[in-house]
Every structure is written in structure tokens, then in C-alpha cells.
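The residues making up each chain are set out below.
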Amino acid sequence: MKTLLQKDSFWAIIFLFPSIIGILVFNFIPTVVSFYLSFTKWNLLGSPKFVGLSNYSSIIADPLFYKVLQQTLIFVMGTVFFEVIISLFIALGLNHISNFKTLFRTIYFLPVVSSMVAVSILWNWIFDPAFGFLNYMLKIVGIDPIFWLSDPTWALPSIILVSVWKNLGYSTVLFLSGLQTLPDECLEAAKVDGAKPYQVFYKVILPLLSPTIFLVTIMSFINAFQTFDSVYILTSGGPQNKTNLMVYWLYKNAFEFYNMGRASAIAYFLFLIILTITLFQWNFRKRWVHYES
Amino acid sequence: MGTLRKLDLLTYLLLILGSIAMVLPFILMCALALSPNDKVLSYPPLLFPTSITSKNFNDVMAAGSFFRYFVNSLLISSITTAGQMVTCSMAGYAFARLEFKAKNAIFFVFLSTMMIPTQVNLVPLFSLMQKLGWVNTYFALIIPGLFSAFGIFLMRQYYLTLPKELEDSGKIDGCTHWGIFWRIFFPLSVPSLAALGIFSFITSWNSFLWPLLVTNSETLRTLPVGLAAFKSSFREITNWSLLMAGTLISVVPAIIVFITGQKYFISGITSGSVKG
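Heads up: the sequence lines are chains A and B, in that order. Read in order, the letters of the first sequence are residues 1 to 293 in the working numbering. Read in order, the letters of the second sequence are residues 1 to 276 in the working numbering.
Bound conformation, chain B alone (with noise of 0.2 Å):
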């Protein structure tokens, strides 16, 4: 018995140090974000402002014009949401709930296109985003996140958990399959949609190649654009409090929705890999 109680308080002591390396770079990211910057180049490193501002914020949201970026950013990621949980649903209904010619190739092709690194897409979408006269405009920024294979992939796999006698009463009082999938599996795909709702908002909340590539102006930046070309913007000294109270307001939101959905986001992302 004595073994064992030893091994559990190890085990505590072991998590704890790790949970320390992990929380570690968000306290400091918090003191500097929070000091007046003439306490920043202190030594040793600030792990507790000794006095607090709210000043580095005010000045990284008006000069800085993080709340431009705040705005875009929410606007980019919450459209991209919203349409990935209705086209995903969508096409996830149809590979579980009806039969029809080609099915299982389309559907191979759709799960092919999520073995190539997106980094392959690169040049070409890029190109045809100058033909299509969207650089720089909210259209390239959002269109090409409408779609997603991976979420068509984990709808299909809920919708088949479905019992049949739901779609059959749907068609007993006369629903079409639009009413079916509307009126009943939609509603009922909750937790699924959840969490593919979270993976996918935190996902384009944190993308950076693509809107590095399709924006050039200032007033169509993300946060994660914004933030970058802020670092770049220092020359000789960085303006560190600026800095991490800019990475604070891009960090929290993501950290906020993920705390919220938790439960469906973690079940989401371990069900379509682990049984797999």
C-alpha cells in the first residue's frame, strides 16, 4: 500500500511541474501585457506586475488598431463556422442516409484530399484568387474555409449512429429528405456540430499562411497577421508590454471557446482518429 501512495503523489508532483512549463509563458505573457513598459527590461523577469495598467491595451487597440483586427478576425472565423457546420451537415447526411450512384468514390476522393498537405494548394489558389479579383477582399479570406472534408467525414459518422425508425417516422407524416435532415437529424446532431463548430472556429482563429498570402492592407489583417506585422514593425527595440498586450487579445478568445466546449471538443477530436 505504501508503494502505491507514493506513486500517486509522484504522479501529482510530476503533473504539476509539467502544468507549470505549460502555464509558465501565459503568466509571463499576462505580467508584461499588464506593466508599464519602462518595468519590462527588469531583471530578474517579471512574473508579477508590481504595478498594473490597462494602458498597453488602450494604446495597442487604437494605435496599433488591434480592434480592426479583432473585428476581422471574429467576423472571418464566425462566418467560416457557421458555413462549415451547414455544408459539412449537409454532405454528411447524404454519405450516411442516402443511397446513390458514385457514393463510394466521391466519398474517397472528398477523404483523398485530406492526405495532401494543404501546402501543396498553395501557389495555385493563390493564382486563382488574382483571377477571381479577390485578393485582398473578405471573399479570400472566407470562401475557400466554407468547405471542409474532415467535418463532412465526422457528420457522416454521427449521422450513421442514428437509428433508422427516425428517418422512417419522418417519412410516415410526409417530410421530403430536406424535412428529414432539417426537422430531425440537424437538431439532433448537437454534440457533433458542436464540436466541429469549435475545431473549426479555433482553426481559422489561428490561421496564418493563408490570410498572410490573400491580404495585403492594413484594415483587411487578422490577429495573427496583425500580430507578426506588428513584431516586424519594431526596428531596434521591441516594445515588449505593446507586443504581449496584443498576443493576450488574440490568445483569450480561442482559450474562452475552447473552455466552453470542452466536453464536445475533445470527444470530436478523439473519435474521429483513436476508434479509427
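In isolation and in its complexed conformation, chain A is listed as follows (with noise of 0.2 Å):
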């Protein structure tokens, strides 16, 4: 007979109870909560009224909600691009160099462990009309002043720029460690049968590399649609709307317009849209990564 004090069940229940508490308080409850929310009226007060649909079929009435939509979907479509191409070059870069690797990394690395806020504040005054540095390095080529952030045209590839520059170098070091992972006798042989770099890129290199590229992808997409703190600090969704993004429109509903059940609805259609982009990934994936067996 074992005693109490040699089951494992016995111990598991101690050394999960911290965490099966709270995971479940405060994220599996929240999300269920969330969820009845979306088909309420509440402001916080009071308790919630249960209006059925209301809320889903007024967000869809809304154009504001598509101009969200529209402005959402650019956004993170332009900051994943630029962020895989470029943070892919910067790691072949890193992976072919044999000297200050580590200096570069560090260096590439120091926006992403710095805060989105400091971060904004930055690139505020980079920004900056009158006195900023870009407008500063145009006026040297002879192009006139831009208003970054508060012309319609500018604001939202602005709001992109800052994304980019924040993230590139966590895309870059998971892009590096897949490089290393690459078996060095493909590369050998490519070279050995006189392959061009250009043609060890495309016809090695970025195949094999092509599971880690399609993580590095789906994690920048789920990044970029929660974006909030650069909205937030540089352009506070405007100018007409053209920063307004969802995150930073569901935060607006519900500690600015104290609509916690049409937030909660908001909320849930950005899981579904994040939902379905890593599920389509998932399914598309089959066709193009390769994988090793």
C-alpha cells in the first residue's frame, strides 16, 4: 500500500493548485464570461441585460466597423511583409558573417525588449513636422515636410513603420536559430555542384527554412492584430480614423463609451478573424512547408 505522501495524484493536486486556480480565474473564466457579455447591454454598473444578438448585427450595420476592419487588415498585412522580408535578410546576414554576430544581434534586438510606449515616444518626435529627423533627411534630398502622423495618407504606413522597427528583431533571432538548424551537408553539396549564392537562397536555403518562416509568420500576424500602445501614445486612432484599430476600438467601447457588451463582441471577432487566419495557415501549410521526415 503506498501512502498519501508517495501517490503522485496527491502531488499533482499541490503543485498544480497555484496555477489550476489561476488560469482559470483569470483567463478560462474571463474568456466563457466574455462570451455571455457580447450579448448583453452593461456599463458596469448595474448587472449585464441579455439582448440577444443586438450587438453582433449593430457592429455589422456599422461602417465604422468596416473602415476598422479595412484599416486592421492593411496594417497587419503591411507590417508581416516588411517584417518577414526584412528580418529574413538580417538573419542570412547574421548567419553568414563570422564575426560581431552576437554585437549585431543585441543591437537588432534592443526595440524589442524596450516598451511599445518608450518605443512611440521615440518615434514621436522622429516624426516630429518641424523639428523631427525624417523630415530633417527629406529636406536634405529636397522633398517637402510631411506630416507623418497627422496626414491621412501617412498616418497608418507610420503607424507600420514603428511595428516593424519594434519586432524586427524577434522575427530575426527565430529566423537565425532556424538557420542553424539547417543540415550543413545541403548547403555543402549546392556549393560543391557550383551553385550561385542566389541560387543556394532559393533552391536550399528558403525551402528547408520554410517551417520556420510559416511559424514566424503566424506569430507577427497574431502580434500585429493586437496592437494597441503606438495607436494609443502616437495618433489616437485618427486622423479620420485612418489608426483606428481594433484593439484600440474595442478599448474605446468599453472605457470610453462604457459599452461592455458590444466590446465583448468586438473582442470575440477579433479571436474568430485570429481564429481563422491560423487555421487557414495550418491547412495551407501542408502544401508548401517542407518538412524533413
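Cross-link-like lysine to aspartate or glutamate pairs, in silico, EDC-like; alpha carbons within 20 Å at most: (1) A:Lys-139 x A:Asp-151; (2) A:Lys-196 x B:Asp-8; (3) A:Lys-7 x B:Asp-173; (4) A:Lys-7 x B:Asp-168.
Think of the hints as simulated: they come from the structure by calculation, not from any bench.
Can you join these two chains into the complex? Each is in its own frame, and there are hints to help.
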């Protein structure tokens, strides 16, 4: 007979107790409650009133929703595209060189460990129409100053630029570790066969690296959809809602208009979009990702 | 051979250009933070301070209450980090080393919470804080952050790699599972613990939306919330040198933590993802 102290299940309860309570109370239950709240009308005071699907139908009928959705999708596509391409090339460069690897990696990683609030403030200064660095550079080459954050044409690209700059290092590190797992034999064989560097890249590295490319793309997608801090600091969603991204819109509905039901419905729209993209990419993966058997 | 050499040079050149783009905003920040405010609105923009002053730091620490924000951030991030190291390593040990009913089901639920964007939980979590009377207290800033499904996953992966003999030798010596965990496994998992610790410290140090929601008194603000409030407190003309001094104070500790534990941190974020 085992005593209590020798039983695995007894110890499992002890070891898991804090995490089960914590994750249940602060993660799992709120997700379920949020789903219920999306069918109610509630301003945080009193108790939520059940209103069926009216939050969802009012969102679908709201022209602003389509505007927010459109701008969010442009933002996400732009951010992911530039982030993945640029960081892939930085990683290839870092993998190629033999000196100062760690120094370069540290430099590219600095924005990743800085808070988005701090990064946004730095860029706010760089974007300054009169004294900022960007317009100074433009002046040198003879281009008129641009109102980066208040011009409807430039506001969203500016926010994309900040996001790409901030997250570049993270994707680079993931690519770098992916590159280091590539089998040397393949690269050597290609070189022995007289392949040019760009041929090695297209025919050997790219196919072998596809699992990492896939992973980095999904992670940047999910990350980009959740952008809030930079919008809050730099543009407050303006001008003309050009930078009113989904999470910022959610925040406004919840904590400025105190429309908790509507905010929860927006949250579930966001969840649905992220889930769809993730599942779509998982499915698509089978077609173009190479896995070594 | 000639083309290879050229390729090397080109690579270094491009990497240096890229590095300049990464470092330049930080250089501009330092230049402003160290300059007297009347030098700030100069043209061309300052790259190097012409005269150095520490006045901005003194001002921002005293008048801008950045000292208080700094202490708050340090306190909250440290407790969160320590808490996650304990809760995640315990749960990670259970999932890696113990046999019990519904183990896979519980693990699946934990992992599935990682898929949910945090914004989905924002409203219910805020209302929970209200019901508990935790809004505008350290409880709201600390307690929800003490648990992490990602951290549990990270620790579990590490404990799975340790050999069974370690466990057996503990049992022969008469250790309970607590003894085996605390005396043998926990001390052996320093690399993973360091990765988790650095990750959770930096995440907590930089987090913005949650502390913004649950604090409204100035004495509870963290550095990011304080910075945002300080920035919006300027009506017409922003005092950029003060703002940059505050930004510098908020950025440097995270960078120091990262550079100190860089090795563990990088292996932590890559081991969790690339192999999976």
C-alpha cells in the first residue's frame, strides 16, 4: 500500500493548485464570461441585460466597423510582409558573417525589449513635422516636409513603420535559430555542385527554412492584430479613423463609451479573425512547407 | 574567391546600415535627455548633446514623480517574475513527471488559453477586479500576472529532458515528490528559470494596457503609464528633453536585464517555438 505522500495524484494536486486556480480565474473563466457579455447590454454598473444578437447586428450595420476592419487588415498585412522579409535577410546576413554576430544581434534586439510606449515616444519625436529627423532627411534630398502622423495618407504607414522597427529583432532571432538547424550537407553539396549564392538561397535555404517562415508569419500576424500601445500614444486612432485599429476601437467602446457588451462582441470578432487565419495557415502549410521526414 | 569576399563586405555593410537604423532613435533620445531644454528645438536635429546636463533627470524624478513610477514598476515586475518562476516550475514538474487523471485534458486547457488574445478577457477581468475591490491597488497590478501557461509549457519541456535516474535516486533517499522537485529538479532548471524570469520581467516591465486600466491614482502608476500620462499632460509645446529623460529611465533597466541574461533569453524564446 502506498501512503498518501507516495501517490502521484496527491502531489499533482499540490503542484498544480496555484496554476489551476490562477489560469481558471484570470484566463479561462473571463473568456467564457466575455462570450456571454457579448450578448448583453452593460455599462459596468448594475447587472448585464440580455439583448440577444443585437451587439453583433449593430456592429455589422456600423460603417465604422468596416473602416476599422479594413485599416486593421492593411496594417497587419503591411507589418507582417515587411517584418518577415526584412528580418529574413538580416538573419541570412548574421548567419553568413563570422565576426560581431552577438553584437549585431543585441543591437537588432534593443527595440524588442523596450516598451512600445517608450518606442512610440521616440518615434513621435522622429516624426515631428518641424524638428523631427525624418523631415530633416527629406529636406536634404529636397522633399517637402510630411505631416507623418496627422496626414491621412501617411498615418497608417507611419504606425506600420514603428511596428516593423520594434519587432524586427524578434523575428530575426527566430530565423537565425532556424537557419542554424539547417543540415550543413545540403549547403555544402549545393556549393560543390557550383551553385551561385542566390541559387543556394532559392533552391536550398528557402525550402528547408519554410517551417520557420511559416511560424514567424503566424506569430507576427497574431502580434500585429493586437496592436494598441502605439496607436494610443501616437495617433489616438486618427486622422479620420485611419489608424483606428481593432483593439483600440475595442478599448474605446469599453472604457470610453462604457459599452461593455459591444466591446465583448468586438473582442470575439477579433478572436474569430485570429482563429480563422491561424487555421487557414495550418491547412495551407501542408502544401508549401517542407518537413524533413 | 573574389566574389565571396565581395559578398562578405556587402553583408557587413548592410548589417551596419541596418544597425544604424536600429540605434539612431536611441541616440536621439540620449541627446535630448542630456541637453538643456532650450537646445532641443534646434536645427538640424541634435545627434550629440552640445552641453551635458543631468537637470532633466532630477526634474523628471522629482516633479514628474518618475521615482515613484520606477519603484512601482520594479516592485510589480520583481514580484510577478518570482511568482511565475514558482507557479510555473511547480506546474511544469507535475505535467512532466507525475502521472494523474485528466493530465492531458488539463494540459490542453492550459495550452488553449494561450491561443486566446488577452483583449478578449479585458472586460470580465476588469469587472472582476472591481468586484474584489482591487481596482487601484497593487493586487490588480500583481496577482493576475503571477500565472502563465507559456511559462508552464517552457518548464515542462525542460523537466521532460532530465533523466529518470535523478528521480529514482531521490526516492531511494526517501524524498517525497516535493523533496525531489525542490532539492533536485528546481536547482537543475536554472537555464529555463532564467529564460522564464527574464521573459516575464521584461513583459511585466513593459506592459501598458492593463496597468492603464486598473490604476487611476498617480501613486500607483508604472513607468509606461506614467510616461503616457506625462506626455499627454503637455498642452501646447511638449518638453521633449524631460520626456526623453523619462523614456531613458524606463528603457535602460529592461535593456540591462536583457543584456545580462541574453544567452538564456534567446534560447528560451527559440526553444519553445522553432522545434515545435
